[in-house]
Amino acid sequence: MKLLTKTHTSQRRLVEILRVIEESDKPVGARAISDCLCNRGYELGERAVRYNLKILDELGFTRKEGYSGRVLTTLGMRELSDALVDDRIGFVNTRIEEYMYRTGLDLERRAGEVVVNASIIHKADFEKVSRILSSVFDAGYTVSKRVRIFDEGSEISSFQIPNGCLGIVTICSITIDGMLMKRGIPVNTSYAGIVEIRDRAPQEFTDLIAYSGSSLDPMKVFMARRMTRAFDAVITGRGRVLANVREIPTAAGDRAIELLKLAREAELGGLIGISGPGEPLLGCPVSSGKIALAFYAGINAAVAAEEQGIRVKNLPISALMDYSVMDELQPG
Amino acid sequence: MSDISVPHSQPLIFTLSRIENLMQQVTFDPRSGEGRIITNTSRVRKERLQDLLALFSDAIQSGLSVCPRIKLIDEGDTVSIKTACSLTLDGVLLKAGIPVRPKGGGIIEVIEREPVRFTDMLMYWATTIDPIDVLTAQELTDITGMMRTGNGRILGNLQEAPMLAKEQIEELLDDLADAGFTGILELGEPNMDVLGVSVERDHLGVALVGGTNLVAAAQEFGILVEHESISDLSEISEMKHIDELF
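Protein chains in written order, with our numbering: chain S, 1 to 332; chain C, 1001 to 1246.
Please note that a few of the clues may not be correct.
Here are a few chain S residues that face chain C, going by a calculated C-beta distance under 7 Å [claimed, not checked]:
hint: 1; residue: Leu-208
hint: 2; residue: Leu-216
hint: 3; residue: Ala-224
Derived list of chain C stretches under chain S, where covered just means 3 residues or more per stretch with a C-beta under 8 Å from a C-beta of chain S [unchecked claim]:
hint: 4; segment: 1022-1035
hint: 5; segment: 1186-1197
It should be emphasised that the hints constitute simulated quantities derived from the structure, not laboratory data. Built from N, CA and C at the ideal position, the CB exists for glycine as well.
Generate the whole structure from the sequences, applying the supplied hints.
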């Protein structure tokens, strides 16, 4: 008994209601859902929402909590990640765009919102993890050395850090995309991939996945397949690390290079290379009229820890944080 | 900053090009039952071979394969196993003059033995790793569930062809079924979604069961298998029915 029995339009409506409930951190009622839907372009009155909620309750996707509030059930959560696959192909791009829009980095003041990845680890592993993280930062395979550490019980975005654990937040390369976009350069995050490192230098992409052609986050795909050898890249200078590629108009090249210089001074780096107009970048195709910029993924540090057998839960592109409250990792 | 501009390089080959390259080498004729087909390669340690074949046989009986014929190659400590890849069907349609386009691979939810929808999909043009291989590693499949209870998540792919060719496609798929090539999950109506994925205007979609389900099932059962999908071509006459092999 799933949503599939419904027509496409009503499936869409039901899924949209599930999304509204998911995004709220507390139980929501029909009134609030109706308002939220309206902001997203779905005109659905309170009464109609109530009717749809009844359907969702019957399907087992939502349940009542408190006075007429609704929360998602596990089944509902699962449905959200399964339904309407057609809408979810390339959806990571939409997420990235949203985060780019929400950044507000001021390079001179070294403050403002940046995009971060969160990695959750056990407290007992902290010392070992911070040693590995520092080594990856020093080798330059990430965007920035700055981190912020969250204790158990605190929240990153809406994720609560479980007891006995710590959250380490690192800077995601989408921050750079946001920085360029906010200064008027149209940025298209095109591919995620694995870059081969030899003699401590990037050689070529060995695999690529286009963000716009997948319903799964390509970075998560590479991590789950355990295709990286980031720790080896740090220690022996030979390995494989995560990276991603964005395209900008050829005419914006000089301006972008200038901005990246300023970013470097503000301790944001990780640039692997810039392509010529329409020319492939380390084996990654580039559209004509565009140049491409490849950056190391901020998540490489946490990935290296995972490779060393430490249990790490990685949540890429998970929140925004003020750059000024992030600092270099202090060696334990 | 001139040191950051990198030398011109050869672009990587994406899965779609690899598939088309193999498709055009397919010579299998379903009527004569002869010719070359596209195969996947799995490699297993010899002591696990019988377990693996038993599992393959179960999976094939549950309808989770393209064709029950396989080929074993002794390699000392290990055995290489060639199984049919569903893209063989694309090759056969192509050779019959139908411009068929492989779109992507994904996870298909099955309820009461009926495929109901794709829950994840990766387009062939967008990736250098076969989508099916990508998805096998994400712990998203539940092939065991499908075999035991009829409910689960299996691997499959989607292709598109012009709706004009509908009758000819149906005929060819019938011929292929007679020759032992099954695994058609859904043949869509013109312009209609196939298992929740839309097709281009005036096209129809065909969803096929992925040959890699056999390997994903083995992984779920804890049998360690090295695997490469869409790896090469094999002569069908050198492949034997699984029942003859174990």
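Verification of the hints:
| no. | hint | result |
| --- | --- | --- |
| 1 | Leu-208 | 5 Å, holds |
| 2 | Leu-216 | 6 Å, holds |
| 3 | Ala-224 | 5 Å, holds |
| 4 | 1022-1035 | violated (count 0) |
| 5 | 1186-1197 | holds (count 3) |
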